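**Student:** Chains as they are written, first to last, in the numbering used here: chain H, 424 to 773; chain G, 14 to 346.
No wet-lab data here; the hints were simulated from the structure.
These numbers come from a predicted model, not from an experiment.
Even glycine gets a Cβ: it sits at the ideal position worked out from N, Cα and C.
Hints are supplied without guarantee of correctness; some may be wrong.
[Claimed, not checked] Some chain G residues close to chain H (C-beta under 10 angstroms, calculated; not the full set): (1) G27; (2) A172; (3) V332.
[Said to hold, decoys possible] Computed spacing ranges between beta-carbons, pair by pair: (4) G:A152 to H:L649: 41 to 51 angstroms; (5) G:A284 to H:Y765: 49 to 59 angstroms; (6) G:T17 to H:R712: 44 to 54 angstroms; (7) H:A450 to G:K240: 47 to 57 angstroms; (8) H:I644 to G:A284: 48 to 58 angstroms; (9) G:G241 to H:G680: 52 to 62 angstroms; (10) G:G241 to H:L742: 39 to 49 angstroms; (11) H:M578 to G:A284: 53 to 63 angstroms.
[As the list claims (entries may be wrong)] Anything over 10 angstroms on all C-beta distances counts as not near chain G; from chain H, calculated: (12) P497; (13) K582; (14) R589.
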Amino acid sequence: MKKYITVRMGKHISFFYDKKAVAVLAALIAAAVLLFLISIGSGEMRMSPLEAAAALLGYGEEIHQTVIVTFRLPRVLVAWMAGMALAVAGAVLQGMVRNPLASPDVLGITGGAAASVVAFLALFSDENNSLTVSIHWLPLAAFLGATAAAWFVYMLAWKNGLAPLRLVLVGIGVSALMQALTTLLMITGPIYRASQANVWITGSVYGASWKHVSLMAPWVIGLLLLAILAARHVNVQELGDELAMGLGGAVERQRLGLVLLSTALTGGAVAFAGGIGFVGLMAPHMARRLVGSAFGALLPTAALLGGVLVMGADLAGRLLLAPTEIPAGVFTAAIGAPYFIYLLYQNRKA
Amino acid sequence: MLATNRQKMVGLIGLLIVLLAAVWMSIVCGYTDTSWRQAVAALIDNDGSNAHLVVATVRLPRALIAAAVGASLAMAGALMQALTRNPLASPGIFGINAGAGFFIVVMVTFFSISSLQMLSWVAFMGAAMAALIVFVISAAGKDGLTPLKMTLAGTAVSALFASLTQGMLAMNEKALEEVLFWLAGSVAGRKLELLAAVFPYLAAAWLGTLLLARHVNILMMGDDVAKGLGLRTNVIKAAVALLVVLLAGGSVAVAGPIGFIGMMVPHMARALAGVDHRWLLPYCALLGGILLLMADIGARYVLMPREVPVGIVTALLGVPFFIYIARRGIAAK
């Protein structure tokens with residue numbers, strides 16, 4: 424019996440799939456769907472997953488349908504997409520810089536997006552707290568902030584190459600800078616804006632609407648597809664510069680493309696769900712443990728795990744101290760920081 | 014670099030004069046202009062007029078607090094850098110500031126404590142707790158306290174505390190209003206009593222630091238050599254750690270989490286006075302005080318008439334410095 428399943432679609436997509444990876448993916452999809460149903464069924468009005476599924480498909484009680492479709496569905500979808508985007512961004516970064524501790528948060532990319540979004544909110548709000556320009560520009564602002572931070576880190580860490588350790592340390596520095604800028608913007612703005620920005624920086628999908636979903640979906644889904652197409656470049660990059668060049672890769676150009684992909688994903692997630700931390704760090708690690716480090720299997724696995732993490736964090740935040748909501752980012756940090764420390768021990772050679 | 018002891022002594026006296034000048038500037042400069050004559054009069058013979066009140070109740074405490082906090086943070090940074098052999102070590106990077114901030118916010122949110130006095134004690138406890146957590150985490154494991162592990166553990170603990178703090182503030186806007194300015198690190202509007210509450214501990218720690226300087230020098234030679242020379246390394250290390258907690262905790266209690274002073278100043282002091290801690294630590298104290306005073310004076314003018322928390326100014330100054338050192342590499346030993 425063969426261990427691998429080969430998938431070929433056209434000229435550009437071809438993967439080896441480990442049978443184990445396929446099983447893991449199937450299990451994860453099932454878990455994600457179940458969590459999704461629990462999540463849209465939970466809250467002040469409770470429904471069983473079955474009732475939720477029925478309501479989603481247009482059956483069941485009308486009030487269930489209203490609650491789910493108007494309030495819960497957009498929120499849960501935003502959480503899911505944000506988790507996927509952050510996880511894939513982290514996986515791509517980790518593969519590219521060959522540093523398991525790299526993630527959009529540690530490298531200051533999330534911080535850049537956050538600073539830029541707070542600046543956006545501060546510059547374009549009036550006294551009534553409403554935006555003077557269309558919210559359509561928010562993801563762009565987040566993306567630009569993320570890119571600026573990434574570029575900054577990349578440039579400052581470059582010194583005859585990109586030593587992973589230096590990259591992480593410079594990232595920590597740039598993070599601190601972004602944080603100072605964010606605090607500065609919050610303090611100079613009126614307090615209502617500060618509290619608004621604070622919820623948002625912590626990372627919360629509270630109040631997500633269909634408008635957010637419709638803005639976020641094309642951005643995130645398009646980029647995720649791109650990431651899957653780019654997966655094999657990441658595989659090659661992971662071998663190291665010399666080997667990658669030897670294999671005929673245009674290493675520098677691909678690397679630039681991968682950085683842009685990763686920051687765009689981070690920007691998209693941060694724009695709508697705020698600074699949900701540590702997902703980009705945790706999800707790829709867990710995925711690697713489950714399916715190994717071949718990116719064709721790793722990326723979808725990480726994406727599903729990321730979605731599950733953020734949906735789960737949001738659900739926990741809604742239920743734990745109800746009716747008070749705890750931002751999802753608090754939970755991802757509460758799990759993520761210890762995980763990060765645990766990784767330090769795993770990674771003694773660094 | 015100053016070579017002979019005599020040069021170093023002259024340098025030290027020079028810095029002391031600069032420090033006093035900076036204190037004086039801090040009293041005189043600001044939104045309300047004060048002439049030096051008024052300032053002197055306010056200190057010697059306060060007639061209760063507005064200008065005199067500004068000097069005595071606002072400017073003077075602020076200047077003294079900035080000097081004391083700057084000195085303490087810089088000394089704490091130097092001790093941490095010696096103890097961990099990590100040039101990036103400092104109270105800010107190692108999560109002590111974030112820990113103190115978290116404890117404050119917990120107290121404000123859950124126990125509605127708002128007396129500055131109480132809050133300062135809470136911050137003190139939080140700082141000690143965070144320091145312990147980071148030290149314990151990085152000391153555990155096979156190869157002990159490596160510089161990288163400490164930096165990363167500190168960052169992770171920082172991120173954890175910061176995120177929990179933000180989460181709590183997100184649920185409680187009133188608390189946010191109260192602590193936002195404090196959380197950014199500031200010496201503005203702090204009462205002299207606040208400094209008085211922690212001053213005995215700070216002063217004791219300054220003294221202890223200077224007394225231990227000789228032992229720190231020996232510690233820097235490495236554990237084996239130090240032991241061979243008859244130093245009880247574990248006792249000294251514990252004493253140094255205690256000093257760090259006193260210095261950093263006391264500073265955070267008074268002024269909130271002011272970052273990067275503890276990281277930057279020891280490097281400047283080493284450039285001036287060399288690596289002998291008997292000289293290095295006093296240089297750190299003076300330079301730290303001067304730097305924080307100047308940053309605080311600058312913070313008054315950036316967005317006049319509004320004030321910027323001085324912690325933001327030190328971060329903007331410190332990050333380039335941090336990156337410079339990170340680029341140079343911390344892998345030493």
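**Student:** Take the hints in turn and mark each one as holding or not.
**Tutor:** Comparing the hints with the structure gives:
1. G27: Constraint on G27 of chain G not satisfied, violated at 31 angstroms.
2. A172: 6 angstroms, holds
3. V332: 4 angstroms, holds
4. G:A152 to H:L649: 41 to 51 angstroms: 44 angstroms, holds
5. G:A284 to H:Y765: 49 to 59 angstroms: 38 angstroms Cβ-Cβ, so the 49 to 59 angstroms window is violated.
6. G:T17 to H:R712: 44 to 54 angstroms: 60 angstroms, violated
7. H:A450 to G:K240: 47 to 57 angstroms: 54 angstroms, holds
8. H:I644 to G:A284: 48 to 58 angstroms: Between I644 of chain H and A284 of chain G, where Cβ atoms are some 53 angstroms apart, the hint holds.
9. G:G241 to H:G680: 52 to 62 angstroms: 56 angstroms, holds
10. G:G241 to H:L742: 39 to 49 angstroms: The hinted range 39 to 49 angstroms is violated for G241 of chain G and L742 of chain H, with Cβ atoms some 60 angstroms apart.
11. H:M578 to G:A284: 53 to 63 angstroms: About 26 angstroms separates the Cβ atoms of M578 of chain H and A284 of chain G, which means 53 to 63 angstroms is violated.
12. P497: 20 angstroms, holds
13. K582: The claim breaks: K582 of chain H does not keep its Cβ more than 10 angstroms from every Cβ of chain G (closest is about 6 angstroms).
14. R589: The claim breaks: R589 of chain H does not keep its Cβ more than 10 angstroms from every Cβ of chain G (closest is about 6 angstroms).
Against the hints set out earlier in the document, violations occur for numbers 1, 5, 6, 10, 11, 13, 14.
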